[in-house]
Amino acid sequence: MATVARTFPRSTPRPRLRIRGRTIALHAFLIVVALAVAYPFYFMVTSSFKDLLEATKNPPDVFPAQLHPENYIEAWNRAPWGRYFVNTIFVSIAVTIGELVTASLAGYAFARMRFPAKSVLFIVFLATLMVPSEATIIPNYVLMSPSRNGCLGLPCLGWFDTYQVQIVPFIATAFSIFLMRQFFLSIPSELSDAARMDGAGHLRFLWSVALPLSVPALITAGLVTFLGSWNAFLWPLIVTTKPDFRPVQVGLSAFRQEAGSSYHLLMAASTFVIAPIVLLFLVAQRYLVQGIARTGIRG
Amino acid sequence: MQAYLFVLPAVVIIGIFKVFPAIAAFYMSLFKWDVIQGAFRGFGNYTDWLYDNALRSPDFWRSLSTTFTYVILTVPLEIAFSLVIAYLLFQKIRGRGIYRTAYYLPYVTSFVAAAVVFNWLFHPQYGLVNALLGVVGIGPQRWLDEPSGFFQIVASAFGIALPEWAAGPSMALVVVSIVTVWHYLRYQVVIFLAGLSNTYYEAARLDGASERQIFTKITLPLLSPTTFFVFTIATIGALRSFDTVFILTGGGPLDTTRTVTLLIFKTALQQAQFGLGAALAFILTLIILLFTLVQFRVLGRRVYYG
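The listed protein sequences derive, respectively, from chains F and B.
Under this note's numbering, the residue at position 241 of the first sequence is numbered 241, and the numbers go up by one with no gaps.
Under this note's numbering, the residue at position 111 of the second sequence is numbered 111, and the numbers go up by one with no gaps.
By construction, these hints were calculated from the structure, which means they are not laboratory data.
Each hint should be verified, as a subset may be incorrect.
[Claimed, not checked] Sample of chain B residues lacking proximity to chain F, with all beta carbon distances greater than 10 Å (derived):
{"no.": "1", "residue": "A25"}
{"no.": "2", "residue": "R41"}
{"no.": "3", "residue": "G44"}
{"no.": "4", "residue": "D48"}
{"no.": "5", "residue": "L50"}
{"no.": "6", "residue": "Y51"}
{"no.": "7", "residue": "S57"}
{"no.": "8", "residue": "L64"}
{"no.": "9", "residue": "V71"}
{"no.": "10", "residue": "I79"}
{"no.": "11", "residue": "G95"}
{"no.": "12", "residue": "A167"}
{"no.": "13", "residue": "P221"}
{"no.": "14", "residue": "F228"}
{"no.": "15", "residue": "V298"}
[Unchecked claim] Rough simulated footprint, nothing fancy, chain F against chain B, three-plus residues with beta-carbon under 8 Å:
{"no.": "16", "segment": "147-161"}
{"no.": "17", "segment": "235-247"}
We put the beta carbon where it would ideally sit given N, CA and C, even for glycine.
With the rest of the complex left out, here is chain F (with noise of 0.2 Å):
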């Protein structure tokens, strides 16, 4: 405390206007930016309800004159969104599940169980992680076609247009191992020594109080993958052809030129693309800012 001190001489009071307008000044820039950052949104959103005269008027009105709900059906109606969006959803929450267990189960053996190779095998998992996606991408795409000729080596997976093509390449991560491994290591060696002489094995252990301990890290991990996979689009735009395995970012890309100059039916569309993530978003925000500040992950 000393210490401190002394590098931070007391300072006098400061007179209380000038506080004041500094935080006025402060409210005011950060409303300032918060508008600019904010208004796509609200232009999506306000387009979205009006009609094609009044959406393509510029500059726009603030809000519509009359509001057409009616968008949102056509605009639904006119692509196979229904199917998009289970395919979205089923692949997302899938990917999640997945990952969480291969995570779970090759984290705590890295944290808790002694094993031969075990730093070898966790230094090429971290090795993994400095490969970007476009090293891998071209291999993987061969890997999925199914082309007779061979596909370096290994049986070609033929899976072109199906969910696994979608899910399975993406089922285990080393930054959610990593993740979980760190959060298991700072489980304290006394529960499990505990656990070890009531007769309960590792998977037990692992399953009855390692798991339940980590829930943060669980939601943590779990809503970063289902984010990721929720907004992925190359892979996706890729490997699938059909409207009935592809996802909805890509069936919002293929709106697009289907639209064409329906600007109003197209800012329903991306308004309801993006609906269900920003409430997802609003619910669990601390554990996402929480998953981006502890991986740095950058979408």
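Keeping the supplied structure of chain F fixed, place chain B upon it in accordance with the hints.
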């Protein structure tokens, strides 16, 4: 034995879809490989890109320069804006939670949806941006459809003709960069805020430190490693970015926004030249690895961001 069963699922998935393809990519890059494997070429695919092929190498150098221009246009702006916003959001002010939500929100939205909106805001005919510029007496621009250099356009507004080399990045690339900064801003804000949040502040306040002392003695030292982290993350993100450019312009107009990732996409997936595409991907990977290694080194030494 049980431990192997625990790691087995992860080993299988990461092995097949991450480790194996990374090695396979290098293997493929050594062959002529148009859909099916052809003759061994050694480093022929690489030299084609770098200097050997009169069609390929201009494409490569141009896309590399576009990529680095994109990095230079986005990264410093992202850092400057996010640093200021994070610092302000960190202040103890009323309604901080609401501001934070407003700033974070766009990050979770997909870039496809964001691109739809921005394509329209920058529409040459119906776009709001042109309408706003019209108010201050600037004529309508073509924005994402404009291949001419940004400096050239600004200079010609003052009646100055710039030489070709000073034309600057295309207007389209500038707009893509603006949208990129908008989209990733909050992500960097989160990182900066994480770097700021700790208990030093309360201790300093208790000991009566002034705001200026707090800023120079605590905030700046705390933020320097974080800034470096954001710098490397943002640079790697910009080097890798595909969705942003692909959805906004598809590489056009006149290929002025075709980054290396888009050239990989075109070569490997549209022209089915897997070997050449893999070689290009490997070159990009080496550049990214360089930044990652620097990041890991510095991060390993000292960084507080958790």
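Open item on the list: Which constraints among the numbered hints does this structure fail? Numbers only, ascending.
Closed with: Violated: hints 1, 11 and 16.
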